[in-house]
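Each of the two chains sits in its own frame; use the hints to bring them together as a complex.
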Amino acid sequence: MNLSRVATVASKEWREMVRDRMFVLLAFLLPVLWMLVFGYGLVLDVEEIPVVVLDRDHSSLSRDYLYRFVTSRYFDFKGSLNDDGEVGVWLDSGKARAAIVIPEKFEERLLAGQPVSVQTLIDGTFPLRADITKGYVIAINGAFSGDLLADYVARTRGLSRKGADRLARPINLEVRYLYNEEVRSAWSTIPALVMFSLMLAPPLLTALGIVREKESGSIYNIYSATAGKVEYLAGKLAPYVLVSFVNAVVLWLLATLWFGVPFKGNVMLFLFSALLFVLTSTGIGLLVSIVVSTQIAALIVTMIIATLPTILFSGLIVPVSSLSPGAWAQAHFFPGMYFTNIARGTFLKGVGLDVLWPEVLALALYAAALRLVGYRLFTKRPRS
Amino acid sequence: MKEMETEPSSQHSDTVVRVSQFVKRYKKHVAVDGVDLEVRRGEIYGLIGPDGAGKSSLMKAIAGVLTYGEGTVEVFGTLVDSERAAELVKQRIGFLPQGLGLNLYPDLSVEENIDFFARLRLVPKHELAERKARLLAMTRLDKFRERAMKDLSGGMKQKLGLICTLIHDPELAILDEPTTGVDPVSRRDFWAILAEFLQERGMTALVSTAYMDEAARFHRLSFLSNGKQLVSGTPAEVQALVPGSMVTFDAAPQPEAMARLKASYRQVEALGPRLHVFTDSTDAAQAVSQIETALGDVKPSNVRVDEPELEDVFVALLLRRAERQAADDTVSFPTTNRDYHGPAIEAKGLVRDFGPFRAVDQVTFRVEPGEIFGLLGANGAGKTTVIKMLTGIMPPTGGEGWVAGAAMKTAGDTIKERIGYMSQAFALYLDLTVVENIRLFAGIYGLDSRATEERLRWITAMAGLHGYESSQTGRLPMGVRQRLALGCALVHRPRVLFLDEPTSGVDPIGRRRFWEILSRLAREEGVAILVTTHYLTEAEHCDHLALMYAGRIVAEGSPSDMKSQVEHEAGRLLEIDTDVPGQACRQLKGAGFSGAALYGAKIHVLSRNPLEDEERLREALASDGVRVKAVSERPLSLEDVFVHRVMTLEQQERAASRETGA
Numbered sequence: 001m002n003l004s005r006v007a008t009v010a011s012k013e014w015r016e017m018v019r020d021r022m023f024v025l026l027a028f029l030l031p032v033l034w035m036l037v038f039g040y041g042l043v044l045d046v047e048e049i050p051v052v053v054l055d056r057d058h059s060s061l062s063r064d065y066l067y068r069f070v071t072s073r074y075f076d077f078k079g080s081l082n083d084d085g086e087v088g089v090w091l092d093s094g095k096a097r098a099a100i101v102i103p104e105k106f107e108e109r110l111l112a113g114q115p116v117s118v119q120t121l122i123d124g125t126f127p128l129r130a131d132i133t134k135g136y137v138i139a140i141n142g143a144f145s146g147d148l149l150a151d152y153v154a155r156t157r158g159l160s161r162k163g164a165d166r167l168a169r170p171i172n173l174e175v176r177y178l179y180n181e182e183v184r185s186a187w188s189t190i191p192a193l194v195m196f197s198l199m200l201a202p203p204l205l206t207a208l209g210i211v212r213e214k215e216s217g218s219i220y221n222i223y224s225a226t227a228g229k230v231e232y233l234a235g236k237l238a239p240y241v242l243v244s245f246v247n248a249v250v251l252w253l254l255a256t257l258w259f260g261v262p263f264k265g266n267v268m269l270f271l272f273s274a275l276l277f278v279l280t281s282t283g284i285g286l287l288v289s290i291v292v293s294t295q296i297a298a299l300i301v302t303m304i305i306a307t308l309p310t311i312l313f314s315g316l317i318v319p320v321s322s323l324s325p326g327a328w329a330q331a332h333f334f335p336g337m338y339f340t341n342i343a344r345g346t347f348l349k350g351v352g353l354d355v356l357w358p359e360v361l362a363l364a365l366y367a368a369a370l371r372l373v374g375y376r377l378f379t380k381r382p383r384s
Numbered sequence: 001m002k003e004m005e006t007e008p009s010s011q012h013s014d015t016v017v018r019v020s021q022f023v024k025r026y027k028k029h030v031a032v033d034g035v036d037l038e039v040r041r042g043e044i045y046g047l048i049g050p051d052g053a054g055k056s057s058l059m060k061a062i063a064g065v066l067t068y069g070e071g072t073v074e075v076f077g078t079l080v081d082s083e084r085a086a087e088l089v090k091q092r093i094g095f096l097p098q099g100l101g102l103n104l105y106p107d108l109s110v111e112e113n114i115d116f117f118a119r120l121r122l123v124p125k126h127e128l129a130e131r132k133a134r135l136l137a138m139t140r141l142d143k144f145r146e147r148a149m150k151d152l153s154g155g156m157k158q159k160l161g162l163i164c165t166l167i168h169d170p171e172l173a174i175l176d177e178p179t180t181g182v183d184p185v186s187r188r189d190f191w192a193i194l195a196e197f198l199q200e201r202g203m204t205a206l207v208s209t210a211y212m213d214e215a216a217r218f219h220r221l222s223f224l225s226n227g228k229q230l231v232s233g234t235p236a237e238v239q240a241l242v243p244g245s246m247v248t249f250d251a252a253p254q255p256e257a258m259a260r261l262k263a264s265y266r267q268v269e270a271l272g273p274r275l276h277v278f279t280d281s282t283d284a285a286q287a288v289s290q291i292e293t294a295l296g297d298v299k300p301s302n303v304r305v306d307e308p309e310l311e312d313v314f315v316a317l318l319l320r321r322a323e324r325q326a327a328d329d330t331v332s333f334p335t336t337n338r339d340y341h342g343p344a345i346e347a348k349g350l351v352r353d354f355g356p357f358r359a360v361d362q363v364t365f366r367v368e369p370g371e372i373f374g375l376l377g378a379n380g381a382g383k384t385t386v387i388k389m390l391t392g393i394m395p396p397t398g399g400e401g402w403v404a405g406a407a408m409k410t411a412g413d414t415i416k417e418r419i420g421y422m423s424q425a426f427a428l429y430l431d432l433t434v435v436e437n438i439r440l441f442a443g444i445y446g447l448d449s450r451a452t453e454e455r456l457r458w459i460t461a462m463a464g465l466h467g468y469e470s471s472q473t474g475r476l477p478m479g480v481r482q483r484l485a486l487g488c489a490l491v492h493r494p495r496v497l498f499l500d501e502p503t504s505g506v507d508p509i510g511r512r513r514f515w516e517i518l519s520r521l522a523r524e525e526g527v528a529i530l531v532t533t534h535y536l537t538e539a540e541h542c543d544h545l546a547l548m549y550a551g552r553i554v555a556e557g558s559p560s561d562m563k564s565q566v567e568h569e570a571g572r573l574l575e576i577d578t579d580v581p582g583q584a585c586r587q588l589k590g591a592g593f594s595g596a597a598l599y600g601a602k603i604h605v606l607s608r609n610p611l612e613d614e615e616r617l618r619e620a621l622a623s624d625g626v627r628v629k630a631v632s633e634r635p636l637s638l639e640d641v642f643v644h645r646v647m648t649l650e651q652q653e654r655a656a657s658r659e660t661g662a
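Line by line, the protein sequences are chains A and B.
Per the numbering used here, the first sequence runs over residues 1 to 384.
Per the numbering used here, the second sequence runs over residues 1 to 662.
The shape of chain B in the complex, shown without the other chains (with noise of 0.2 Å):
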C-alpha cells in the first residue's frame, strides 16, 4: 500500500472514501469539476443531480474502473491513482453500474448469475451457500433461482443486480441510480434491503439518484450540478443553508395569483389548483401574511406551511447560482375557440387482450378541458396501451373512447389532427438545429407558411429558446430538449396534449419550468393534458390522477383526495429522531409497530392515532434506552399513497390465491 501525504490530524478516522479537487475531462468537455467529499463507515452517502451532472464519472473513478485528470481519489487510505492501485482496493468494494440490470447476464438464471459473481470474486463454497440463502430470502427472490434474467421483471433485476454486487461482502457498495426506472413499491423496497444490510453488516454505500426526493433518505449527500458540487452535508446541515418556509393554498384565478406571486417570489408552483410558494421567512405568520400582501385581491384559501422539502432547497440553490431565467413571461397564450363540445378525453370501459393477457381491463375516465389528468402506475400496468388507444394508434378489444369530440374507433385521423403527442424519448432530430426542427413538425402538420412562421415566434418565446435557434438538437442541455419537444407536439395547436412519461433526466429547475408551460397551457389556453409518469412528485402538479394496476383503474381523485384516503385508511405518518436509527427501528417492529422502516437516519411509521402511538413508541424505546430527539408529523407523500395502495392489492391477490389455492 502507499504512504499517504496527508497529515493524519486531517483525516476522520472512519472516513472510507476520500475525494479532493476531483476534476474528470473527457476530451474537451468537463464532466465533474473540483469535487470534494468524504465518506464515512457505516452511512450511506447520496449522490443527487440530474443526468450529465457528473456522478457516474465520479463513482466510476471512486470503484478504480475510470481515470481521472486532476485531484486525488483516496479509497480506504490508498490512493486510486493507477490500475494497479485500484486493483488493490477492489476486493473491499461492490460496484453496480447504471442501467437497470444490464450489468446482469440475461441468458444465465436468477442463480447463475449470483455464482459467477461470487466465484469471480473467489468467494469459498460454504460462505456462498449460505449469503445466497440470506439474500435471497432478504429479496424474496428464492422463488425464481432457475429463472432467466431477462425474464424477471424491473424491480426484480434490480435487487438481483443488488445480490451480484454484495455476494463479496465487500466494505464499500458503490450504487449508480440503482432506483432508476423502478417502480415506487420496488424502489421503497430497494432502501429497506440496503439499510437492512448496512445494519447487518457495517457495510457503507455511496448511491447515486436522480430523483431528488430520495434526498432524505441519506446520511449524508452532495447535489450536483453540470459537474459542480453546489452543496454537501447531511439533509439537516443542507436544509438549514437555505431556511425558509413552504406556503401552499388555493388561490383564483390561478394565473392572475401566479403572476404576482412571480413579482416577489423566485419559486412559485402549480400543483394542481394550488399553489406552492417558497419564502425566506421561517416564521409561519409572517410568511403567510407576506404571501397575502403579495397576492393583494386575490385570496387564499386552505393555507398550509410546511418545512422546505430538500428539492425546495436545491432549487433555491440552483436559482441562486444560475442567471434570472431567459423565459419570456409575456408570452401570451390565446384562448382558442373550442371546436369540439363535452369532455376533452373520455374513456368509456377500455378493454385491450394481447392473446389471453388482459393488458387494460374496464379503464374509465374523463378529462375536462383546461384539465391536468396524471395516469400513474408501475411499468406494464397499461398506461401507454391506454393512450395508444385513445391516440387511435391501437384499436381496443371493448369498450369506447371519445378524444376532442371525435370517436376513437371511427375518426382516427381527426383525432392525430386535435391532439399533440410528445413521448420519453423526445422523437426529435438530433441533427436538425432547433429552427429546423420545428419547421419540420410544421410541415408534418401541413401549416402554411405563414403560420409556421407564426408558431415558431410563438414556440420559441413559450419555451425560452431564444439563442438557440440554430443550435444542433443533440447538443441541447436535456430541459431545453424537452420544450423543444414540446413546442413541436404544439405546433399544430392542438386542442389535447398526451404526454408519455416526459420528465426523465430533467434537472429540478427544468421539471419545474416544463411543468410552469404545461399548467399555462391548462389554465391560459385550455388545452386538456394527459400526463403518464412514475415520477410521482411530478404527479402533485396533476389536478386529477388516476393509479393504474394490473390494467385496471384502482385509485381516483386529486393529490390531496388520494392522500386523505390513504390518511383515513392507513393514518399519519410520523417521523422518529433517534440517535440509534438501527436498533431503535428493530425496537418498533418488535413493540409492534410492524411497518417501522428506516429512512436515512430517521424512522418512518404510519399511525392511525399519532397522539397514543407517540406515547407507546416512547416508551417502547425508552424502556431499551435509546434516546428520542424528536417525533414530528410528517405530510404524506403520492410516494406513500402508492405503495400503500399497490401493497394493499398485492395483499389482498397474494390472500385470494391462497384460498383458491387451499
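Isolated chain A (complex conformation) (with noise of 0.2 Å):
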C-alpha cells in the first residue's frame, strides 16, 4: 500500500465534497435535521392530555372530584360543559381527547353509601395513548375514593386522619426509576436518534460518491490506473468516515446541550464506539456501491437498508428485549442496535467498557468484516 496514493485519493474527494454545496449541505445538515425534526417528534409521553368536564351534579363533593383532573400535570383542563351535545362537538373535532361526566345525586348517593358511575369517554383512536390516559383516570378516580373511605373510617371510628388514611390504603408503593430518573422518553430516545443519524447519512453519502464515479465514467481513472483497490478505498472512505465522526460529535453536542440529556459515562468510549460505528456504516454504503450502477439506484437502496431495520430492530422505538423471537433474531443481524446499547449505556447508565464490551466488539468485527467484503467484491476488471 502507497500512503502518498491513498492521501492522492483521499484529498481529490475531499476537495470535490467541499466545493460540492450541495453535499456539504446535505452532508452536515441531514443528520442534525433528522436529530431535530426526531427529537421533537418522537416524544412518547403522554402528557397534557385536553379534557373536558360535564357536571351533572353541581355539588361540593363533584367540584372537589373534578379538580383533581383540573390541576393534573397529566391533563389540560379545556373547559366546563352545559350538556351532551357539546361534549360530542369537542371530541369529534379533537380538541378534547377526553371528557369526565358527572351524574346527579353524585353527592347525596355517595354520602348514602350508595355506588356511583362516573362516565368518562375517551378517544380511542391510539390505542396506547387511550391506554395511558385510562390510567391517569383510573388513578386519580382511585385516590379520590381512597380519600373518600379514609374519611368515612375517620368519622366512624373516629381516628385520626393519618391513621384512618394508613388503614384505608395500606400497602404503599414506592417506585424508584433508575437511569432515566423522571422517565422522559427523549432521553431515551434521543441516544438512538444519534445511532439512527448516524447508521442514515454515512452509507448513503458514501454510496452516492463511489456511484457517482461509476455514472460519470471516472471510475475508469482508477481501474486503469496502477493505484490498488485497498489504496484507492482507503482513500475513498477516509473523507466520508472524517465526515460522519464530525457529525457523530455534532448529534453528541446536540443531545446534551440542546436536548439536555444526561452524560453519565465515558466521553472517550463514546466517541471510540461511534468511530467503529461510523466505519460500519460506511462499510454498508460501500457494498450498496458495488451492487447498484446508479446514483437514484444507490439511494433507494441504501434507505431501504439503512432505515427499515434501523426504525424497526435497533430498539428506537420498541426495546428489543420485547420484539418476538424472529424479530429479536433480526435485530442481533443489524449493527444498529449494538451501537444503541452502547448510546444508552453511556448517556443514562453511565456504564463502561466491562459493561459493553460485546457491543464494541460486535462493531469491531462488522467494520472490519464490511471492509473486508467491500474489499472481496471491488473489482478493477469488471464484467461489464
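None of these hints come from the bench; they were simulated from the model.
You can take every hint at face value.
Only part of the chain A face toward chain B is listed, based on derived beta-carbon distances under 10 Å: (1) 5; (2) 8; (3) 15; (4) 16; (5) 19; (6) 216; (7) 217; (8) 219; (9) 222; (10) 225; (11) 231; (12) 383.
All C-beta atoms in this analysis are idealised placements derived from N, C-alpha and C, irrespective of residue type, glycine included.
This is how it looks when you write it as C-alpha cells:
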C-alpha cells in the first residue's frame, strides 16, 4: 500500500466534497435535521391530555372530584360544559381527547353509601395513548375513592386522618426509576437517534460518492491506473468517515446541550464506539455502491437497508427485548442495535467497557467484515 | 510476466497490442464477435464504427478494465486475462474513456485534475512540473490552470482529458472516441497534438471514432460494425479492397436521375443539387460514359471524378454484407398544395440576448420551399437559439421571422401546426412500439382515424419500418429509430421541417438512407428543411449553408461555393506522401509552410500556387534527404472550410483585442 496514493485519492475526494455546496449541505445538515425532527417528534410521553368536564350534579363533592383533573399535570383542562351535545362536538373535533361526566345526585348517593358511576369518554384512536389516559383517570379516581374511604373511616371510628389513611390504604407503592429518573421518553430516544442519524447519512453519502464515479465514468481513471484496490478504497472512504465522525460529535453535543440529556458515561468510550459505528455504516455504503450502478438506485437501496431495520429492530422505538423471537434474531443481525445499547449505556447508565465490551466488539467485527467483503467484491476489471 | 504460448515467429517485433478471436458478451448480447488486430509501436491505430459497433468494449478489454469471454488480448507481450495480469501493464497504458470530459472532476481546477492523475500514477514531482508545463503549453491551456474543469469549453475539456491521460508518459494511449461532440477546429487541434506526442515520445495510440472522415488520419485501422470486423489495414489497403471511382455531377430533374441511376448503382447520393455515384470502374472516362448510359436522356453536367473516400469504401463493404435494402423505393411523396406564399423560412435581423450576453446577433437568411438549408457552427454558436426563436418556443429580443407564411411573433400556434421538429435525442417513447409511437404523435396533432391510418401506412413504407411495427422502440437499431423519429415529425404533413443534430450515432448506411429520404421530401414533396449539424460530411447534402460563429452568420453559400471561396482565399490542398512524415512535416514548417499538418501518415498543406509550391517543397525535402513518394491535390472538405473560417475569425478577434488592449 502506497500512502501517497491514498492521500491523493482522499484529498481529491475531499476537495470535490467541500466544493459541492449541495453535498456539504446534505452531509452536515441532514443528520442534525433528523435529530431535531425526530427528537421533538418522537416523544412518547402522554401528558397534558386535553380534557373537558360535564358536571350534572353541581355539588361541592363533584367540584372536588373534578378539581383533581383540572390541577393534574397529565391533563389540560379545556372547560366545563353544559350538555351532552357539546361533549360530542369537543371530542369529534379532536379539541378534547377525554371527557369526564359527573351524573346527577353524585354527592347525595355517595354520602348515602350507594355506588356511583362516573362516565369517562376517551378518544381511542391511538390505543397506546388511550390506555395511558385510562391509567391516569383510574389513578385519580382511585385516589379520590381512597380519600373518601379514609374520611369515612375517620368519621365512623373516630381516628385521626393519618391513621384512617393507613387503614384505608395499607400498602404504599414506592417506585424509584433508575437511569432515566424522570422517565422522560426523550432521554431514551435521543441517544438512539444519534445511532439513527449515523446509520442513515454515512452510507448514503458514501454510496452516492462512489456510484457517482461509476455513472460519470471517472471510475475508469482508477480501474486503468496502477493504484491498488486498498489504496483507492481507503482514500475514497476516508473523507466520508471523517465527515461522519464530525457529525457524531455534533450529534453528541446536540443531545447533551440542546436536548439536555444527561451524559453519565465515558466520552472517550462513546466517541470510540461512534467511530467504529461510522466505519460500519460507511462500509454498508461501500457494499451498496458495488452492487448498484446508478445514483438513484444507490439512494433507494441505501434508504431501504438503512432505515427499515434501524427503525424496527434497533431499539429506537420498541425495546429489542420485547420483540418476537424472529425479530429479536434479526435485531442482532443489524449493527444498529449494538450502538443503541452503547449510546443508552453511556448516556443514561454511565456504564463502561466492562459492561459494553460485547457491543464494542460486535461493531469492530462489523466494520472489519464489511470492509473485507467490499474489498473482495470490488474489481478493477468488471464484467460490464 | 507470463510466458507466451504463441511462437515468436508470428510475432511482429514491434507489436504493442495483439488481439485474436476476441469475443465479448453482455449476458446474451454479443457486443464484439471474433476480432483480430495488431497494433505496432509508434502508430495511430484506428477503430472506426457507429455507436454499438463494439469499439468501447474492445478498448476497455485492452486497457485491462473489462473482462472478456473468448480469445486472447496481449499487451506488451503480457496476456491480459486476469485482474492481476492487467495490473502488470497498466503503468505503461493511458486510457481515456468515452464521453467528453466525463472522467474528469468538474469541481477541481485544470491543474488539480492534472495533479490528481499524476500523483495517482506516482509521477515524481520534478518530472511532473516539467511535463505539465509542456503539455499545458502544447494545448494552450496554460492560461486556465486555475479554472474549474466544469467551466471549460468542450474542446478544452477534451484537451485536458488528453493531458490527464498522458501525464504519466504512457507507451500506449487508448483513447475512446476523443473527438465525439467536439467542434471541427478543436478536433483538428486534437489530432495535431496527438501526432506531435507520437513523434516526440515514440508513443503508440489506439483511437476510436464514429466520424468516418477521420479514418484517413490513422496509420492503420479496423472498421467495426455490429461487433464484427469488416476490414482492417492501412487506409490505402482498405481503399484497394474496393476499387472504383466517385463521380459527382449536376443532373436535372434530380429525382428522375436518381431513380434511373439506382437501377444500376447501389451507392447513389444527392449532395445538394449534385449527385454522387460510386462506380466499380477505376477508369474515369469509362466511369462517366457508363453513368451517361444509365442516365439516358438526362444529361450530366459539371462532371468530376475522384478517388473514393474511405467512407464510400465502408459503405460499399457494408452493402456487400447487408441484404438488399428493405427500403420501399416505390413509396410516393405526393406533392401537396402549398398553403402559404413566399419563402418557407425567413429570418430578418434576429437578435437574442441572455442578460448581457448576445447569443444571436442580427441573423438573416431565407429558405425556399423544397430546399435543404444547413446551419453550421460549433457548440454555443447560436444554432439552437435560432431554431427555438423560429419555432416560437423562445421570443426574440429583436428582429422578425416568418415560417411557412406565418409571422413568428404573432402566429406561434399556426407555426407549430405547419412545422415538424426532430431533435438530437429523438423524442420517442422507448417503451412503446413503433406503431404506438406513430399513433401517439398522430393523436397529439389531432389527426382523425382515417388520416392516422393513411399516415401510418405512408410512414411505415417511407421509413422502411416493415417488420418492425410491433417492436419496442428502445430495442431498435439507431438508424431505424432515427427514421421512426423522422416519420413521427412528419405525421401531420408539415410544410417545414426542423432537424436539430439529427444523425448522431447512426451508422453510415443508416445516415445515407436518412438523407435519401430527406432529399426526396424536399425534391418531391416540396418540404423545406432546416438542419443543424456539426458533422460536416453531412453538410455536403445541403443545398445551402450558413456558418454561425459567436451568434453571427459569417459565411453563406452552397457547399461548392463555400469551398471555392476558401480555395480562392487560402489556396488548394496538397497531400504529400513521404517515408518519414514526422520529420518531413517539421522540415516543411521550417521551410516556410507554416500550415503543414500531419494527416495520418501523410502531410497536408494549403497552397495558393500549387505548381510552384510543389517544386519548392520537393526541393526543401530533398535537401534534407526525405524521399517524396507523391504530391497530389485533394479536394477541400467542408471541414477545411469550417476550420479556415473559424481560425481566421479567431485571429482577427485576437488582433482586435490586442489593439484595444494596447
